[in-house]
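What follows is each chain in one-letter form.
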Amino acid sequence: MLKVDNVTKVYKVGTFGGKTMTAVDAVSFDVRPGEVVSLIGESGSGKSTLGKMILGLVPITSGSITVDGVAVKPGKEYYRSVQGVFQDPFSCYNPVFKADRVFQLIKESYYPAVPAAEWTERVRSAIRDVRLNPDEVLGKFPHQLSGGQLQRLLIARALLLDLKLLIADEITSMLDASTRIDVLNLLAELKARGLGVLYVTHDLSLGHYLAERTVVLRHGTVVEMGVTAKVFDDPLHPYTRQLLSAVPRLHAPWEEAAPVGSCLYHERGGTGGLLEADPGHFVACAQLSNC
Amino acid sequence: MSLRVNDLRVHYRTLRGEVKALDGVSFTMADGEILGLAGESGCGKTTLGKSLIRMDGRMRHAGGTVELDGRDLPIGDDKAMIAFRFHEVSLIPQYSMSAMNPTRRIGRMVAELLRSRGVPLDVKELESRLDLVGLPREVLNRYPIELSGGMKQRMVMVISTLLDPSLLIADEITSALDVSTQQAVAKALLGFRESGYVKSMIFITHDLALTSHIADTIMVMYAGRLAEKAPSNKLTKAPRHPYTRLLINSLPEIGVRHQDRMLKGIPGSPPSLLDPPRGCRFRDRCPMAGEECAEDPPPVEIEPNHFVACWKA
Chain A
580 MLKVDNVTKV YKVGTFGGKT MTAVDAVSFD VRPGEVVSLI GESGSGKSTL
630 GKMILGLVPI TSGSITVDGV AVKPGKEYYR SVQGVFQDPF SCYNPVFKAD
680 RVFQLIKESY YPAVPAAEWT ERVRSAIRDV RLNPDEVLGK FPHQLSGGQL
730 QRLLIARALL LDLKLLIADE ITSMLDASTR IDVLNLLAEL KARGLGVLYV
780 THDLSLGHYL AERTVVLRHG TVVEMGVTAK VFDDPLHPYT RQLLSAVPRL
830 HAPWEEAAPV GSCLYHERGG TGGLLEADPG HFVACAQLSN C
Chain F
72 MSLRVNDLRV HYRTLRGEVK ALDGVSFTMA DGEILGLAGE SGCGKTTLGK
122 SLIRMDGRMR HAGGTVELDG RDLPIGDDKA MIAFRFHEVS LIPQYSMSAM
172 NPTRRIGRMV AELLRSRGVP LDVKELESRL DLVGLPREVL NRYPIELSGG
222 MKQRMVMVIS TLLDPSLLIA DEITSALDVS TQQAVAKALL GFRESGYVKS
272 MIFITHDLAL TSHIADTIMV MYAGRLAEKA PSNKLTKAPR HPYTRLLINS
322 LPEIGVRHQD RMLKGIPGSP PSLLDPPRGC RFRDRCPMAG EECAEDPPPV
372 EIEPNHFVAC WKA
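Order-wise, the sequence lines are chains A and F. Heads up: the first sequence begins at 580 in our numbering, then just goes up one per residue. Heads up: the second sequence begins at 72 in our numbering, then just goes up one per residue.
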């Protein structure tokens, strides 16, 4: 469904845009219907830039992004099927208006012909779909709702459209542990309905919990991607290994990171292409044959 | 005993009344102990940290005493705290990323800071501390904007501990960092204790897994009160308070997949602290709640150093 093909993004930086910075460098992956793909990377890896390019919020420098064969074209028709939810739910609402205004705005621009009574029923069922009680959340101001509730309302808003693809960019990083998992479970339910979800995160354990496939980004390039279980249980790239060893675990001490001194990936950055180590498990590592 | 907090109450003044952010918390810390402080947002963990150094003018000290190294800490008195602030108690703030003066090179800023406290700058000492946290010495010639988030965080850590405080409060210092930087920062904290730059430390976080790696003891708070306090491995392996159990069960760890084992969040939300209800504050969300929970559960030491405030524990 979503196909990202050899996409590069170069930002102009510096005082008068005199310098350039490559944020995303020749990245290709895809998301199928009914699948959660997690995009994992540290800050500056280009994961959010990718999400924004898919949403048409920043232009692509080269390469192509298509959804069901149609190129990204910011506009009503595109956003009917592709929607994003972002990190900070508190700043997605206008504090002056009630939170349910976001639903009214959807009706005004997409479904002006739907009668009010039917629309109300649709809104209530979308809110129930995100496991909220409509009576508790409708008619409230944003400050009266918790971060988890606001985040789920934004997902409900996206569900009112004929949604095919949801870009979830760090949607749980501002939430408490106790509510974070509810939002993740919700995403897992959505994929059962045939929705494709691109879950952008820096938290490896959350990505592992949810995703069918995992893409690991570093400095704008894909270092490893494949079925989640393969990438996490049998990481081939030294960078993936290092990331995994740094994740704090509740009942086990930190593993010593594999020595990276013998590895060239630090100096070389990209290696010029992904190798298929196992079927469906790609890794960018020049040393793979020697490991 | 390094720190002894007895029935501490701190309130915030708001237009709608006093928010009882900290409502009777008592605990002690041994010399050299690292205490992890965990809980949901709004549980009072940051308030507890900040009240020990009294950095926030909106806070009102409503009762209770704090003793640091056998001396009373005058946390209700701004003026009297000046002698203690940064010398005895120091804080690494949550907003470390923007804590440094953007118009000064870092070296000059540090020198100015020390001069304002009447302490001469010992360049050798400063450099050895930079080595400890793994920063190159040339950062002193750079501006804060030239450092990455993790480097800024570590620089602020060095600055906060220059006066060798007895108690260091680290407030959510790792939440904005990547896993590998998180690990480096956590290890630098342990290094501070080993080198004797700080005696004991309160590590405030919402990340229980990370806390369990560096803290000796973990204290879980709920709605302005202590829920459970126990040695780290005991708290993570055999928690007794229902809230701690639910919190730990909601943590996704590598190895847990949604299709294999679905984790559950904790339904509901904490009570408003403007007018907190009587009795156990977790009662409304607790699966084990019974009639006795209408009374306030006192923190009980069920095993040595294992305190639980729950009737059912």
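I should point out that these hints are in silico values taken from the structure, not numbers from a laboratory. Be a bit skeptical, because a hint or two may be false.
Claimed, not checked - Pair by pair, the computed Cβ-Cβ distance ranges are:
1) A:GLY597 - F:MET333: 49 to 55 Å
2) A:THR599 - F:ASP102: 51 to 57 Å
3) A:LYS719 - F:GLY134: 31 to 37 Å
Stated by the list, open to error - Dumping the calculated EDC-like pairs for lysine to aspartate or glutamate here, alpha-carbon to alpha-carbon at most 20 Å:
4) A:LYS598 - F:GLU104
5) A:LYS770 - F:GLU198
6) F:LYS335 - A:GLU834
7) F:LYS335 - F:ASP346
8) A:LYS677 - A:GLU656
9) F:LYS305 - F:ASP143
10) F:LYS383 - F:GLU363
11) A:LYS809 - A:ASP741
12) A:LYS719 - A:GLU791
13) F:LYS383 - F:GLU372
14) A:LYS591 - A:GLU614
15) A:LYS591 - F:ASP355
16) A:LYS743 - A:GLU621
17) F:LYS258 - A:GLU834
18) A:LYS809 - F:GLU324
19) A:LYS809 - F:ASP202
20) F:LYS335 - A:GLU656
21) F:LYS383 - F:ASP355
22) F:LYS305 - F:ASP202
23) A:LYS582 - A:GLU656
24) A:LYS809 - A:ASP782
25) F:LYS308 - F:ASP278
26) F:LYS195 - F:GLU209
27) A:LYS770 - A:GLU791
28) F:LYS308 - F:ASP346
29) A:LYS686 - A:GLU614
30) F:LYS223 - A:GLU621
31) F:LYS195 - F:GLU217
32) F:LYS258 - F:ASP193
33) F:LYS335 - A:ASP741
What the hints assert, rightly or not - So the derived list for chain F, only partly shown, Cβ under 8 Å to chain A, looks like this:
34) VAL137
35) GLY147
36) SER199
37) LEU233
38) LEU234
39) SER237
40) GLN254
Glycine included, each C-beta is placed from N, C-alpha and C at the ideal position.
* Of the hints stated earlier, which fail here? -> 4, 5, 6, 7, 8, 9, 11, 12, 14, 15, 16, 19, 20, 22, 28, 29, 31, 32, 33, 34, 35, 36, 37, 38 and 39
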